[in-house]
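Given the coordinates of chain Z, assemble chain P onto it according to the supplied hints.
Number of protein chains: 2
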Amino acid sequence: MSSIRNIFNSRSDKDGNFFREIKNIIGFKPGTISIYEMAFTHRSTNIKDSKGDILNYERLEFLGDAILGAVIAAHLFKKVPSGNEGYLTKMRSKVVSREHLNELGRDLDLIRFIRSSIPIESFGQNIHGNIFEALVGAIYLDKGFKSCEKFIQKRVIKPYVDIEKLEGKIISYKSNLIEWCQKNKKKFDYLVYDDTGNDTVKHFAVKLKIEDKVVAKARATSKKKAEERASKRAYYKLQRKIEKEDSASN
Amino acid sequence: MSSIRNIFNSRSDKDGNFFREIKNIIGFKPGTISIYEMAFTHRSTNIKDSKGDILNYERLEFLGDAILGAVIAAHLFKKVPSGNEGYLTKMRSKVVSREHLNELGRDLDLIRFIRSSIPIESFGQNIHGNIFEALVGAIYLDKGFKSCEKFIQKRVIKPYVDIEKLEGKIISYKSNLIEWCQKNKKKFDYLVYDDTGNDTVKHFAVKLKIEDKVVAKARATSKKKAEERASKRAYYKLQRKIEKEDSASN
Numbered sequence: 001m002s003s004i005r006n007i008f009n010s011r012s013d014k015d016g017n018f019f020r021e022i023k024n025i026i027g028f029k030p031g032t033i034s035i036y037e038m039a040f041t042h043r044s045t046n047i048k049d050s051k052g053d054i055l056n057y058e059r060l061e062f063l064g065d066a067i068l069g070a071v072i073a074a075h076l077f078k079k080v081p082s083g084n085e086g087y088l089t090k091m092r093s094k095v096v097s098r099e100h101l102n103e104l105g106r107d108l109d110l111i112r113f114i115r116s117s118i119p120i121e122s123f124g125q126n127i128h129g130n131i132f133e134a135l136v137g138a139i140y141l142d143k144g145f146k147s148c149e150k151f152i153q154k155r156v157i158k159p160y161v162d163i164e165k166l167e168g169k170i171i172s173y174k175s176n177l178i179e180w181c182q183k184n185k186k187k188f189d190y191l192v193y194d195d196t197g198n199d200t201v202k203h204f205a206v207k208l209k210i211e212d213k214v215v216a217k218a219r220a221t222s223k224k225k226a227e228e229r230a231s232k233r234a235y236y237k238l239q240r241k242i243e244k245e246d247s248a249s250n
Numbered sequence: 001m002s003s004i005r006n007i008f009n010s011r012s013d014k015d016g017n018f019f020r021e022i023k024n025i026i027g028f029k030p031g032t033i034s035i036y037e038m039a040f041t042h043r044s045t046n047i048k049d050s051k052g053d054i055l056n057y058e059r060l061e062f063l064g065d066a067i068l069g070a071v072i073a074a075h076l077f078k079k080v081p082s083g084n085e086g087y088l089t090k091m092r093s094k095v096v097s098r099e100h101l102n103e104l105g106r107d108l109d110l111i112r113f114i115r116s117s118i119p120i121e122s123f124g125q126n127i128h129g130n131i132f133e134a135l136v137g138a139i140y141l142d143k144g145f146k147s148c149e150k151f152i153q154k155r156v157i158k159p160y161v162d163i164e165k166l167e168g169k170i171i172s173y174k175s176n177l178i179e180w181c182q183k184n185k186k187k188f189d190y191l192v193y194d195d196t197g198n199d200t201v202k203h204f205a206v207k208l209k210i211e212d213k214v215v216a217k218a219r220a221t222s223k224k225k226a227e228e229r230a231s232k233r234a235y236y237k238l239q240r241k242i243e244k245e246d247s248a249s250n
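Protein sequence lines correspond, in order, to chains Z and P. Mind the numbering: the first sequence is residues 1 to 250 in full-length UniProt numbering, read in order. Mind the numbering: the second sequence is residues 1 to 250 in full-length UniProt numbering, read in order.
Isolated chain Z, as found in the complex (with noise of 0.2 Å):
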């Protein structure tokens, strides 16, 4: 494995440090880094290892999909004591989907680590979403469940599983706040500004000003999602203050 590891220190980051990225993206030291490696692996490459078995993400991506719907379900299931076994499975579905898991993937970049024979631009859209259940499975072998648990958490749960937009119930938050600012004559900005933070990825920063008050702040890989975190954000902090308000105007 040694040979791969090499070719990805020089091919995936300028600083030769293809570990110190992993560990910014999953949030903890990776044990064994030649399975991370596996994860960005195309299969183009036809890489074997001593006893000539295939070296590619598309094993890590069986394993993945199976862990990312375990922690989801227990997620849903813990979340939701009201939802029966059809809301559960239709709930889940919407979270693993396709289109989102290649968002999650486009979101953290991660077609940078890729390492393949044919050119990036060849694959499709759904390269995104296999690599990140690849990277999945990948922390699952180095470190357990649990360790797969608090990445998908921080990754997945924590800033796209909204149980309440899941059910389409909020559309948008940000065109719900912007409604609540006007019902109520209240002044509001969304105001970008600079904040790279540690991260790798490109960020947008957003901070939201209700009469001038600063309410919350997002950090996202787009300016639009950044200030729709930010409106969730205030959502909740305000939830008390609107359903009060609502229940009294009704």
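There may be inaccurate statements among the hints.
No distinction is drawn between identical chains; accordingly, a pair holds when it is met within one copy or between any pair of copies.
[Stated by the list, open to error] Straight-line distance between alpha carbons at most 27 Å, and here's what the computed DSS-like set of lysine-lysine pairs gives:
#	residue 1	residue 2
1	K183	K143
2	K51	K79
3	K51	K90
4	K143	K79
5	K158	K146
6	K51	K237
7	K209	K158
8	K207	K174
9	K165	K51
10	K90	K143
11	K48	K90
12	K150	K78
13	K143	K154
14	K78	K48
15	K78	K146
16	K217	K165
17	K23	K146
18	K48	K79
19	K174	K213
20	K143	K78
21	K146	K29
22	K185	K213
FYI, nobody ran anything at the bench for these hints, they're computed from the structure. Note that the coordinates shown come from a computational prediction; the quantities given were computed from them, not determined experimentally.
This is chain P only, laid out in the frame that chain Z set:
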């Protein structure tokens, strides 16, 4: 939940010990017994908790299905390093097939714990598999992923998951063994003997003798299964010998 527990004690166990029976089946002490009671409660009972949330096995079945899928995926991933994604997917679907899950539930006679307002006879065959999955979900909720893995190792993987058989390379270990004995002019005999053990479920015990020497013993819930299991054990015991003789005779 205490009223449910009482019902369980009187219904499912003539000795009033649901706890002990579950402990026998799962292989360790249950923590919160009410979770296991939920795993055997049919929706027809219409039982709800103090918050009005429905208590029956259907939610646990959803959870158990996901956990079982993850554990089997991880097992196959590690067990068959040469298998690609397609192979692993196919093998897993064989292990967690409806038919197979029903067999697992039936072998443990889980249906004796069922609490239902409609007659048990009116359930279809899938009830066995459904409550088996619910039991896996209950173990996960009560004891976590590691304990679930142990249970699945003991009750699914060890007695049932046989890669060669799943691949269809070996249809029956018994016929395999008989063929080998006839070819090699060895006398063989399957003997059923009494061995109720500590299990609550009725078991058949079989000794396999070759040339009047006991080469393997096995217990199972049917004579046929016990013979197959004993043959499998003998097969692995004799495998080197068989392979050696096979290659010498070809």
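Verification of the supplied hints:
no.: 1; hint: K183 with K143; in the structure: neither (50 Å within a copy, 49 Å between copies)
no.: 2; hint: K51 with K79; in the structure: between (44 Å within a copy, 14 Å between copies)
no.: 3; hint: K51 with K90; in the structure: between (42 Å within a copy, 23 Å between copies)
no.: 4; hint: K143 with K79; in the structure: both (25 Å within a copy, 18 Å between copies)
no.: 5; hint: K158 with K146; in the structure: both (16 Å within a copy, 24 Å between copies)
no.: 6; hint: K51 with K237; in the structure: between (56 Å within a copy, 25 Å between copies)
no.: 7; hint: K209 with K158; in the structure: within (23 Å within a copy, 60 Å between copies)
no.: 8; hint: K207 with K174; in the structure: within (13 Å within a copy, 71 Å between copies)
no.: 9; hint: K165 with K51; in the structure: between (48 Å within a copy, 24 Å between copies)
no.: 10; hint: K90 with K143; in the structure: between (29 Å within a copy, 26 Å between copies)
no.: 11; hint: K48 with K90; in the structure: between (39 Å within a copy, 23 Å between copies)
no.: 12; hint: K150 with K78; in the structure: both (16 Å within a copy, 22 Å between copies)
no.: 13; hint: K143 with K154; in the structure: both (16 Å within a copy, 23 Å between copies)
no.: 14; hint: K78 with K48; in the structure: between (41 Å within a copy, 16 Å between copies)
no.: 15; hint: K78 with K146; in the structure: both (16 Å within a copy, 18 Å between copies)
no.: 16; hint: K217 with K165; in the structure: within (20 Å within a copy, 57 Å between copies)
no.: 17; hint: K23 with K146; in the structure: both (16 Å within a copy, 25 Å between copies)
no.: 18; hint: K48 with K79; in the structure: between (42 Å within a copy, 17 Å between copies)
no.: 19; hint: K174 with K213; in the structure: within (17 Å within a copy, 78 Å between copies)
no.: 20; hint: K143 with K78; in the structure: both (23 Å within a copy, 14 Å between copies)
no.: 21; hint: K146 with K29; in the structure: both (14 Å within a copy, 22 Å between copies)
no.: 22; hint: K185 with K213; in the structure: within (15 Å within a copy, 92 Å between copies)
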